[in-house]
Each structure stands twice: as C-alpha cells, then as structure tokens.
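Student: The hints should help you fit chain B onto chain A, whose structure is shown.
Number of protein chains: 2
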Amino acid sequence: MTGDRPPGEAATLVVVNIGQLVTGDPRVRAPGVVEDAVLAASGDRITYAGPASGLEVAIGPETIEVDAHGAAVIPGFVDAHTHLVWLGERSEEYALRAAGASYEEIAEKGGGIRSTVAATAAGTLDELITATRERARRMLRLGTTTVEIKSGYGQSLAAELRQLRAARGLGTEPDLPDVVTTYLPLHGLPDSDRAVYLEGVLGEGLAAAAPLAGFVDCFCEIGAWDVAECERLLVAAGAHGLRAKVHAEQRTHSGGSALAARVGAVSADHLDHATDGDLRGLAAAGVTGVLLPGASMVLGGPPPPGRRLLEAGVTVALATDCNPGTCWCESMPLMVSLGVATAGLAPAEALLAAPAGGAAALGLGDRGRLLPGLRCDALVLDTSRWLDVGYHLGANPVAQVIAAGRLVGP
Amino acid sequence: MTGDRPPGEAATLVVVNIGQLVTGDPRVRAPGVVEDAVLAASGDRITYAGPASGLEVAIGPETIEVDAHGAAVIPGFVDAHTHLVWLGERSEEYALRAAGASYEEIAEKGGGIRSTVAATAAGTLDELITATRERARRMLRLGTTTVEIKSGYGQSLAAELRQLRAARGLGTEPDLPDVVTTYLPLHGLPDSDRAVYLEGVLGEGLAAAAPLAGFVDCFCEIGAWDVAECERLLVAAGAHGLRAKVHAEQRTHSGGSALAARVGAVSADHLDHATDGDLRGLAAAGVTGVLLPGASMVLGGPPPPGRRLLEAGVTVALATDCNPGTCWCESMPLMVSLGVATAGLAPAEALLAAPAGGAAALGLGDRGRLLPGLRCDALVLDTSRWLDVGYHLGANPVAQVIAAGRLVGP
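In the order they appear, the protein sequences are chains A and B. Residue numbers for the first sequence follow our numbering, so the first one is 1 and each next one is one higher. Residue numbers for the second sequence follow our numbering, so the first one is 1 and each next one is one higher.
Next comes chain A alone, as it looks inside the complex (with noise of 0.2 Å):
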C-alpha cells in the first residue's frame, strides 16, 4: 500500500472521505487506485496516501480538513507545454484555416506566429503578465498545478527574455499553478539573417536566457528550423544547464525525434508524423513522448501516436500546447479526453500522462503521482469516479484544487 508509514508529526492538511485515490502507484490497481481514502500532507508535502482504515495521521488544532464527500481525488495536472505569454489574437486566423488556407498562405496573409511575435515583442513586462495570468487562472481552475511556459514570440533577445520574466512573475503569484520555464529562441524564423540570429542565440542568448530558463526547446520543421541548427542550439544550451526539449515531427517528417534521442532531451513534442524507428529510438534514450491532441486536431493529420508510444515504451504526456494559433486551449480534462478518443490511451493511462507524463516531461520527480514525500498538488472531483475525467467530454470536473498542501481554488 501507498501509506504504510503514518507520518509522525501533525497534518496541515487531511483530505477525508475519498471515494477514488488515484495515487499512480503501478503496484496498485491502474491508475494507481486506493477505494475510501485518506491523503494527508505536512507542509508541501504528502505524509500519507492510502486507506482511511491504515491512517493514524495525527490531527493538530491547525490541520485544514477537507470533506470529499466520497469524491475522487486525483494528482494535480502537469501541462508540460504550453506557450501561454502572448499579446494579440489570431481568431481570423483560425477563421482561413477553416476555410482552407495552408500554413504558408496564413503567413502570406500576415498571420502565423509573425504576428504573435509582433504584437508579443511590442508588449511591456506588465501587459504580458495581464495577458498570462488570465490563462493561468483559467488552467487552475481546471485542475492544473503545474505549467512550463515557453518563450518564442520575442526573437529580439530582450523580447524572450522579457517573456520569460513574465512567466516567472506568475510562479510566485498566490493561487496559481507552479511554472516551469523554457527558453525557446528557434520558433518561428527571424526576419532578419537567420545564420546571424542563430549565432546571437548561441553566445549572447543563452548566456541571458539560461539563469531564466530550466529548458531549451527548438522548432525543427520543413519551413521552421532544421536539424542541424536546432543540434547546434541543444549542444551549446546543455552547457549552460539547460536541458532539452524538440517540437519534432509535427507537421512532416523532420528528424527532431532522432535528434532528441541523441542529445538525450528530457522530452520530445507533438511526434505526429514520428516513426516507429523515431519511436523505438526515443524509449532506448528515455526521452518522454509530449502528445498535443488539441492541436492536432486542429490542424487535422494523423492521429497522435499514444498507443504506438506506449507500445514502444515512451512514457507519455499529454498537455495542452496552448497558443493563440493552433490551440487556444487551457483544459487538461479535455486532453484526456482527446488523449483517449484521437491518440488510443485507455482512460488510465491517460489520467497519468496529463500528471506524471507531464512530470516526466519537465524532469520534476516530485510531483505527478500521490505518494508520501511528494509534493501534495491534488484535485478534489465533482464526482465519486476518476473515471469521468476523460468520459464527460468538455466538462471541468475540478471541485477543489490543492496545490503544494495547501487549498488554492477555484
């Protein structure tokens, strides 16, 4: 069992009357699934997560208790990639696409990430942190509790770095989800040299970005960035302590997922068009597949390769990719969803990949599951089965969310 050690100091917070636990613990039932439970936390931290009947927490005169009713309490969600800092809208855009206008053709219209970049880089440091933090609240409230916000509409560099500034700010704002940073210079292509700009990346970029940034992330696409540049990026950042993540395999066919294996990138997103060589490559290096069901609907093409992943030994995330292009979308309990309709996960697996996935995908070990020792970053449901996650389609399932042991919303 999960909680065979009662913690011996008093709970700040006890979660009673849990109908479902979804711990993640793969010794148990999947996901990870404990019938009438408690979940107990000290701190930031859970000191027990299993029967009510195995509990010997003890109860202090400041111990928050939070009654669910015979509710399900899940692990709060880790959405492991999202471009959340942006100004101005594409909602024309989305308005072409559906009428049939190509990529390429949007951005011959002045749309695409070009514009994103030109409304985004134009705005001050507060008017980016008005414009996140809306988003960010909307994705507390539907259970996230844990965000990566890349940077990538600035090409300047004090564009990026100021977006990325933006989204550090929120990480220490009360009420919102815990934010991860990744510094994304080679999204969409520069207006200027683009050999220039890569080698203004190379030294001046990532010697700014680094102290703000956990990760570096790259666009390798036909028409975006190529291999061999998004490798001279990865390189170069992982002396400077950035890990590394690739868009690879989107759009077409381009190599990012065999590139991620070899410079050993903690994840590898979107895989679309990846092969089963692209996949089989990817668990031998222990890269997490970073599945975007939103945007690829959106977009249309093939389905995202969930089951294959799985099949091949990828651990999986889902997360949201939210963008103001491709998928203005906050809502992890609709990746569920999608993650079982459009990419084959069966319901377990896909209430794991949007937290431990999600964890996975960051390098975090301390959250994603609920296990003693772990961050306390849990969802209290609307409903006694975690299996209405991904069943009720476009519903927030979210009752109470406990981000680090503490009771923070909606």
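Hints in this document: simulated from the structure, not taken from any laboratory. Zero decoy hints are in this set.
Incomplete in silico selection of chain A near chain B, CB under 10 Å:
(1) ARG90
(2) GLU92
(3) ALA95
(4) VAL298
(5) CYS327
(6) SER331
(7) VAL340
(8) ALA348
(9) GLU349
(10) ARG385
(11) GLY390
(12) LEU393
(13) GLY394
Predicted, not measured: the structure shown is a model, and the values here were computed from it. The C-beta atom is built at its ideal place from N, Cα and C for all residues, glycine as well.
Tutor: Frame of chain A; chain B shown alone:
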C-alpha cells in the same frame, strides 16, 4: 438592417454596448454580424436587434438594462439531439471501448443501451427529474436555451412515458432550457419479441405518447431497427401529429436518410456514413441534417459530413447527442469547435448551426437567430469576438444567459 423598425412599446430588457451582435441575418456579413449594437426585448420577444445608432427603444422604469461592456452577443444554442433522461452510468464501458471492445462485445458484457435501459426504466419520476436537472443546468450555463430530449431508455410503455414526463417537467422549471420532447420507442432492441413490441408501439404507444411529445424518432441501424420497421413507425406517428426524426447512417449505411427524405422528416441525425446521393435526397426533401461530432469523435469512424451537407444544400445543425454511452457532453461551445475542426464547417457556419440549425431541426421558426419578432434567447459572451466560441477550445465563453427575454444565468 435588422433593426429598422423601432418598437412602439417600452422594452422590458435591453442589452447595450454590444461589440459584435450575431443576428444570423443572412443579409449582413456572416454570421449576421452587427457592430456596436443593441438588443431589446418586450416580454419574450425581440423588438430591436441592430446598431446602437439606429435605436429608438423606449426605456421605461421597469426596463432591465444589461451592459455587455463591448462583449459579443449571440443567439442561445438549440441543442436538437439529446438523450438527457438517464440513470446509471457507463464509465466502465467507456474504458472497455477504449481498450478496443466492440459495440457488440460491450453489449455482451452487460453494457450498451441495455444497461442504461435497465437502470433508467427502474427509476421513479423524481429520480429521473433530479438526474436530468443537473445536466440541464450545466447546459444552460454553457448557453443552451432550448434542448430536445428523447425517451428511448424505457422499452416498456410506462417507462417511456415516464421519461417524457420527466423531460416535460423540467421544461416547466425556471432557469432551465426550454424543452422539446421526442418519443424514441425504436432504440435498443427489446428483450421481448420485436414484432410484438413494434405492434405495441404502433398502437398503445403512439396514442399515449403523442400528447407528451412533439416528435417521433427511431434508431435505424444494423443490429437495431430496419428501414421497414422504422417506416411503419414514422408513418403511423404522422397520423398522431408527431413529426419524424431518424437516427441515420451512424455506424453503417442502413438507409435511414433515404427514409427520412421519403417521409418528410424534420431531421436526419448522425449521417457519418451518408452518401452524396443521401445528402441530395435530404436537400430535396428539406430535411435538416443534425451532426453530432462529439459522438463521431468518441466512436471513431469517418468525420461528420458538414461541408458535404452544405454543398448539397442541406441545412446543418450541431448537437451534443448527450447520452451515457457514446458522448456524455453538455457543451454546445465544444460542438462548435468540433464542427470546425472535424466536420469541415467554417466558424460562421458552425456558430449558426448550433442555434439556427438546431431550431430548424426542431421545426421552431421562432428562435435561433436574433431578429425582431423572434424569442429573445441570447448569450452575452466573456469576449468581444464571436469567433472565440469555436476558437477557444474546451472553454465556456458564456457570461450571461437570456432566455425568453429574461436574464436567467448562469
């Protein structure tokens, strides 16, 4: 313009400062957009829907004024196909299907429609109303102001009638969507002899259900009811004043849409396996095509033929199909997103398919657009852009709901 006849009497409700008013008026830019607009109602009827500059609404002391603060206002959604009255849940079946179990295998394990029939037929009227009310409330919060509700989980006449009474009971409650009822006696196959069951439906069933329902419906599908059986029902129902609807070409091509055209049905629903010839037949007969893109996504199979329906000249409706087996979803905004992403509709087409298409599928000439003389069912959004309804995936863009000229939620 839509608002060239100022009303003579005082408005009872007026919505001012509307950034974009979606009227559905085909004479102005799709989806009938008027900028800087005002919407006024007297009683449950719209008296003015047009530019603020053209307004001469008499504002009386009793007038309720809603300030949209620049937000968009759109027609309330008409969800024209739901199975909202059910008891028992089928989340385990959801897991089985994700694991690859077929419709037939699920039925063999006690799942499928039969399991819902067993639970629902055993419920009291109060139990049915309580379970359904919760779903209807979620629908209203998501902008549905009119909902069609089918029987179909009874099989015994008493149970079918109880479901219709539950639906009608909700229709009389305040702050819930307006309810239209459909008698669906040919849905799952009965335990008893099908011929005997059908004779009962054609005799006692239709006579008893007709006062409680506006429509009759049948599941015309291999493994369910065949064209000849369905045709007998639809023709006999016509003599009782019930207009026909048909579940057609959902899982296979079974001839339901040709039947719908032949009997002059008000709608043919699903249509995932419809041929171009079927669609031409629907157009010629004036049958509305109801697409259920949530169920299409959950079940897999071909995409909903939205573009093909429009090209054939068929009026298209989008609906949730809300049911416990293949699509537990109350969200019409998500159906608009899916209509664009998976059914080939342009955003303006999808937005109007949800209210105006739904109204057509229910033969309701008094709603679905915001034009003088129609029912004032309108949604004040949380955004200035109507495009965001489909563009903002998995969100609820509805800030305020106006039903029959009254502010009712959320």
